[in-house]
Structure formats: C-alpha cells, structure tokens
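Student: Make the full structure from the sequences, and use the hints.
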Amino acid sequence: HAYHATMPTDALRAFRDTMAETRDYGFERLKEAQWRLGTEVRAMLAAKSVRSVAADGFGAPGVVVCYTDDPDIQNGKKFAAEGVQIAAGVPLQVGEPEGFRTFRFGLFGLDKLYDVEGTVARLKRVVDAVI
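Heads up, the working numbering is the position in the sequence shown plus 459, with the first residue counted as 1.
Don't read these hints as lab results, they were simulated from the structure.
Some hints here could point you the wrong way.
[Stated by the list, open to error] Lysine-lysine pairs mimicking DSBU-like chemistry, simulated, CA-CA at most 30 Å apart:
#1 K571 with K583
#2 K583 with K536
#3 K583 with K507
[As the list claims (entries may be wrong)] Using C-beta positions, here's what the derived DEER-type ranges look like:
#4 T468 with A505: 42 to 48 Å
#5 V553 with T498: 24 to 30 Å
#6 V549 with A505: 38 to 44 Å
#7 V585 with P530: 17 to 23 Å
#8 A470 with L551: 17 to 23 Å
#9 R584 with V549: 21 to 27 Å
#10 R488 with P530: 35 to 41 Å
#11 A580 with D469: 29 to 35 Å
#12 P530 with R495: 29 to 35 Å
#13 V553 with E480: 36 to 42 Å
All C-beta atoms in this analysis are idealised placements derived from N, C-alpha and C, irrespective of residue type, glycine included.
Tutor: Here's what the structure looks like:
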C-alpha cells in the first residue's frame, strides 16, 4: 500500500511552505545564487590547491566534491571540530586505487542562498582552519 510511503501531513505542509517561499523569493534569483555559491566555493578551494573531482566546466552548483590525502578531512572529523558537517567520502566506484579519498560539501538550503557572501565567508573561516 502507498499509505506506508506517504509523508506525514506536517512534512507535506513544511514542504509546501518551503516551495511557496522559494517561488516568492524567485526561482531565477535562487538559481543564480546557487551558481554563484558553487562557483565561489570552488574558487576558494582551488586557491588552497584543493582539487575538485569535477573537471573544469562540469562542477555542479550545489555539491562540491574534492580529493584529499587526509583521512580526518575525508571522514569529516576536522570539519566537525569546527562545527561544520560534510559528507565523508564519495566513492566513484570506477576502480579507484587504495587510499582514494574525497569529501563533499552540500551547498543546500535557502538560508545559504539568501546570503551567498556570508555563507562563503563562514565556510572560508572553517576551510582556513582545516586546510
């Protein structure tokens, strides 16, 4: 039965409210903010010689996946110590070698898109402390 897969009413209401907030703020405006956020985070990491998994021109605006040699960056421990949660490791499953390590920033949330400059500044402080 689909009943068991149905979201609770409060979750549906919250989702509806978020979609209305998104519409009211402006889809195009948020799309531009998402691209700006992704681009600025990639540039910030590149300036610290952190290499993206995505080739130039193929980076997604809402997710940044990078290589690392540091297991405590890969597992998120160093970021957690600074109060930031990341996704620990993203396996490509294409025969990557032993010791292959990546980490991922998920740049999701209207709060981040409403204040791209502030989001980047806060993340930069953490990245500067970790890398």
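Student: Each hint needs a verdict: does it hold in this structure or not?
Tutor: So, going through the hints one by one against the coordinates:
| no. | hint | verdict |
| --- | --- | --- |
| 1 | K571 with K583 | holds (14 Å) |
| 2 | K583 with K536 | holds (17 Å) |
| 3 | K583 with K507 | holds (11 Å) |
| 4 | T468 with A505: 42 to 48 Å | holds (45 Å) |
| 5 | V553 with T498: 24 to 30 Å | holds (26 Å) |
| 6 | V549 with A505: 38 to 44 Å | violated (18 Å) |
| 7 | V585 with P530: 17 to 23 Å | holds (18 Å) |
| 8 | A470 with L551: 17 to 23 Å | violated (32 Å) |
| 9 | R584 with V549: 21 to 27 Å | holds (24 Å) |
| 10 | R488 with P530: 35 to 41 Å | holds (40 Å) |
| 11 | A580 with D469: 29 to 35 Å | holds (34 Å) |
| 12 | P530 with R495: 29 to 35 Å | holds (32 Å) |
| 13 | V553 with E480: 36 to 42 Å | holds (39 Å) |
Checked against the numbered hints above, the structure breaks hints 6 and 8 and satisfies the rest.
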